[in-house]
Structures are given as structure tokens and as C-alpha cells.
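Dock chain B against the given chain A, drawing on the hints supplied.
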Amino acid sequence: MKCMVKAFGITREIAGAKEVVVELPEGSTVSDFKTELFSQFPRLSALTSLFIAVNQAYAEDHQVLKPEDEIALIPPVAGG
Amino acid sequence: MNKLTPEELTRYSRHLVLKDFGKENQEKLKKSRVLMVGAGGLGCPALLYLVAAGIGKIGIIDFDDVQESNLQRQVLFNTHDVGENKALAAKKHLAKLNPFVTIFPYAEKLTSKNALKLFADYEIVLDGSDNFPTRYLVNDACVLTGKALIYGSILQYEGQLSVLNVRSTDGSHSQNYRDLFPESPQPHEVPNCEQAGVLGVLPGTVGSLMANEAIKLITGIGDPLINKLLIFDSLTLQTLTVSIPNRNSRANIKELIDYDDFCGLNDQKDKSLSMKEITVQELKSLLDTNADFQLIDVREVHEFEQANIGGEHIPMAEVPHQIERIETTKQVVMHCRSGGRSGNIIQWLEKNHGFNNLYNLKGGILAWAKEIDSSLDVS
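Here the protein sequences line up with chains A and B, keeping their order. Okay, so the first sequence: first residue is 1 according to the numbering used here, each after it adds one. Okay, so the second sequence: first residue is 1 according to the numbering used here, each after it adds one.
The shape of chain A in the complex, shown without the other chains (with noise of 0.2 Å):
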């Protein structure tokens, strides 16, 4: 399955584009798909911290993934 990917802040600079598509087998959890996207862009697994929502809430590892959901990638911002 395609999953649609939202990238904020500096992930959309590590990625590249605001969307990236990451193909998964059906059936695939939230663990794996981090470890698809890691593989994919390997700057962002450097990120001590990540936060990844589907469908606009924290992504629990074990959370199997859906074609439709919409995952975000949100990294923290600290300018003011």
C-alpha cells in the first residue's frame, strides 16, 4: 500500500517535498513504517525527537497502518 506522508518544519527540508509517498506491505505497523522512512531518508531517524501523528493523533509503534490514514511528520520548532 502507497502512504501519504505530511512533512513539517525541518523534515519537509530533510525530505525534500511536503508529501512523500512510502510503500508498505498491507498490514504494516507504525514500527515498520518508521523503519521504511528511515531507510528512505536516513537524516531523519537522527531526530531525537519526532513526533508522528495518524489521523491527527500520536502514532503508537504497534498502531497497524491503513491505506487511507494520514500520517505527519511533526519535529519541534523553537523560534519565537
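Derived by calculation from the structure, the hints in this document are not laboratory data. Take the hints with a grain of salt, since some may be wrong.
Computed, partial: chain B to chain A, Cβ under 7 Å [to be verified]: (1) Gly-41; (2) Leu-42; (3) Arg-135; (4) Tyr-157; (5) Gln-160; (6) Phe-181; (7) Cys-193; (8) Ile-231; (9) Pro-245.
This structure is a prediction, so every number in the text was calculated from the model and none was measured. By construction, the Cβ of each residue, glycine as well, lies at the ideal position given by its N, Cα and C atoms.
The following block gives chain B in isolation, referenced to the frame of chain A:
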């Protein structure tokens, strides 16, 4: 003493006629005490609206002075304020806007030593600071003193907003910043506005929303952004709201700590002691003698285009993808604007790729412009 005077009734008349707002809520505003941390991009618009709305007592803490590069977005200040402390300059302008508001400026840095005492005098804290150590300090101090925290932050074209640590009727508190981001990013991971820029109007939007949420919390109207994070994208005008999980982070906040240490800045200081440096004079003599070395400029494209000293251009974020461009067998001098970014990337290269031939240009291109070539436009 919280009764409105005839002058105030006139001044706030648009609130008083507003359905579901009225005199009672205006009096709540008059009775309230709000502390603004940082009178910068977010603080300026938030303060303007809070003072205009008639908050009774407003504290402003900021140790920084107004700089020319602030004026593109920090709309409380003007050209004449450059060099003046921000908290004091803010008070000067805001006092003219509304004489019915008492304003307390604190021209000092918020620290683990003064935060709890300062926060005790206020009901709501707005965080418009510009760095991670202060963000965690403000959060923890709000948790320890039981104050509601209105969090806003910005970078480039995006802003974040949330209403944190709000006490509910059963005495429990809503999620705080550590439920959202338990770990602080390390120093090189996320750039700041000086490095990555910020659209001037963005803090205007996010700072105004912070004032909006403060007024809602004080009066009880509407639904404040509790247990939610809003992300605002100024390029598309789209917002995304996500819920913040309860990670029970309060249990770990027992006292204020060393936040530079928590955010990895002390490690950086330790490491930078061992990092090799070169002065602008030493660099000049390398260039004058045609020495065999490599000079790399890690600033952003717009900075490089404005002025450069002939280094090879690899923007900091590109360095990890272009490692092969960095010489391994001769001296390499790396520079940025003032030495911070190039120092960070040198540490990263030493740690992750085993380089031992990298030298950080002390003071960056700013020092070069100051001491070697004053015709360079690095403003």
C-alpha cells in the same frame, strides 16, 4: 477594584456589546495577570492584543536588545529602539496604548534560579522564547507552579500553537510540552530563525493566536487548544491539529534543572574545547601564501549569494549528502556566519565520519568582514 471605570467602559465597548462576552468577562480580564516570556516575534503581537484587551497586569521578561534585523517582524519596535532592552522598549510603547494596564518589565534572562518566583506572581504564562533550553524551562516552571502555558513557536513558514498544563475542575492538569516532545532535539538538529529565516508576518499570526487563547482561558469562552497541537502553514494557509497524548511526563518534573545540559549544549561546549579553530588572520595568511588547503562555506544559499570569501559552498543541511566533497588529506577550514553552524557540523563530521583535519573559522564571515575586509556586505 476590578470594577470598570467610565473610561474603561468606553474603551472596551466593542467587547461589552459582544454576544457571550460582556462586562463580566471584561472584568475577568482586568483582574488577570499574564507573563510574556520573550518580547520577540511572537511577544510583540501577543502583547499588543493583550494590552489592548485590558489584561490587568502584564509581565514581560527579555534580556535581549532590539536589533535592526528584528524590525522585519517585531512590530512593537521601531528604528529608534535599536540597542534598547526589549522588555523596557515594549513597556514604553505599550503604556501609551493602554494606561489601564500595569506593565512590569524584567530586563533579565529567565533562569532556573528566578523562574519559580517570577511565575508565582502570574496566572498564565505565554512562551514566545526562541530556544529549546528556555522552552523546557518555561514548561517545567509552569508545571511546578501550576500555571497554564500558552505555547507558540515559529520557523520559516510554519508555526505551532498549544495551550498546555491547564488545571481542570477536578484538580488535574492537561498535557504539557514534555508530553508532546519528551526529548529535546540536539543542538545541530533543528535550526533557529537566525539560521533558517522566518516570514515576518508568521509570528504576527501565531502571536495573535496566543493572545486569543489567553483571552479564552481567562474568560472561559470558546474551546482553548487544550491537549492539542495546531500547526499553521503560512504558504498554504492550511492547519493541522493533532492530539497530544498523556505520557505522564509530570511525574518526572520534580525541580528545575540545568536546561543547557538537558538540551545537549554543555556537551557541545565540552566538545568545542577540543575542536580545532583558526582565526581570520591565520586564514588570511593561508590565502596570501597560496597554501594548499580547502575552504568550505556552510551557510545558506541566500547568505552565500549576498557575500562570500571564495569558499566552496556546501550548505550545512547538504553536508551529510556531500561528504565526498570534503578533503581528507589536507587542512580544511569551514566557516559560517559567526562560527556556530560550522562548529556544529565539524563536530558531527568528526563524530560520524572520523575527520581530524577540520578547522572552524573563529567568528565566521562576520569576523572576516570586521577585521580583514570591511567592504564585505554581511549585514
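We went through each hint and held it up to the structure:
A hinted interface residue such as B/Gly-41 counts as satisfied when its beta carbon comes closer than 7 Å to some beta carbon of chain A; here the least separation is about 6 Å, so the hint holds. Contact between B/Leu-42 and chain A, as hinted, is supported at the beta carbon level, the nearest pair being about 5 Å apart and thus within 7 Å. With 7 Å as the threshold, the beta carbon of B/Arg-135 comes within range of chain A, its nearest partner Cβ sitting at about 6 Å, so the hint holds. A least Cβ separation of about 9 Å between B/Tyr-157 and chain A goes past the 7 Å threshold, and the interface hint is therefore violated.
Interface restraint check for B/Gln-160: the shortest CB-CB distance to chain A comes to about 6 Å, inside 7 Å, so the restraint holds. For B/Phe-181, the suggested interface contact is upheld, since its CB lies about 5 Å from the closest CB of chain A, less than 7 Å. The interface hint given for B/Cys-193 holds, since its Cβ lies 4 Å from the closest Cβ of chain A, which is under the 7 Å cut-off. The interface hint given for B/Ile-231 holds, since its Cβ lies 6 Å from the closest Cβ of chain A, which is under the 7 Å cut-off.
Contact between B/Pro-245 and chain A, as hinted, is supported at the beta carbon level, the nearest pair being about 4 Å apart and thus within 7 Å.
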